[in-house]
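*Asks:* Sequence:
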Amino acid sequence: MPDHPREPKEITRDKVLGGEALKPGYNWSREIPAHGHSAVDFEERVNFRRLHDYRLARARQALAGSQLGSVLCFDNNNIRYLTS
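Residues in the sequence shown are numbered from 0 upward in steps of one, following numbering that gives the first Met the number 0.
Where hints are given, some of them may not hold.
As the list claims (entries may be wrong) - Okay, the calculated beta carbon distance ranges per label pair:
id, residue 1, residue 2, range
1, Ser37, Glu6, 17 to 25 Å
2, Gly68, Ser37, 32 to 40 Å
3, Arg44, Ser65, 27 to 35 Å
4, Arg12, Asp40, 31 to 39 Å
It should be emphasised that the hints constitute simulated quantities derived from the structure, not laboratory data. In this text, a Cβ means the ideal position worked out from N, Cα and C, and glycines have one as well.
All chains, full assembly: derive it from the sequences and hints.
*Replies:* If you want it as structure tokens, here you go:
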């Protein structure tokens with residue numbers, strides 16, 4: 000474990016998402032189960048863990064396909080997309 004919370008952590012190959020995480024997997028032919036899209040306690044409307052994995056995998060795929068070594072985000076929308 001790092002001595003300081005801001006020290007970089009090594010990411011092992013088994014932690015990198017890809018493949019299935021890059022597929023949105025939404026069935027567009029089904030009806031919406033309820034009005035709205037926010038989280039409620041009586042049904043799962045949005046699978047936030049899968050959404051996070053999908054967004055992170057897309058960001059890593061774009062980074063791997065570029066000549067960049069990292070991404071620095073200042074816009075709140077970009078930060079939220081990558082970290083939510």
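*Asks:* A separate judgement is required for each hint: does it hold in the structure or not?
*Replies:* Checked hints:
| no. | hint | result |
| --- | --- | --- |
| 1 | Ser37 <-> Glu6: 17 to 25 Å | violated, 36 Å |
| 2 | Gly68 <-> Ser37: 32 to 40 Å | holds, 37 Å |
| 3 | Arg44 <-> Ser65: 27 to 35 Å | holds, 33 Å |
| 4 | Arg12 <-> Asp40: 31 to 39 Å | holds, 37 Å |
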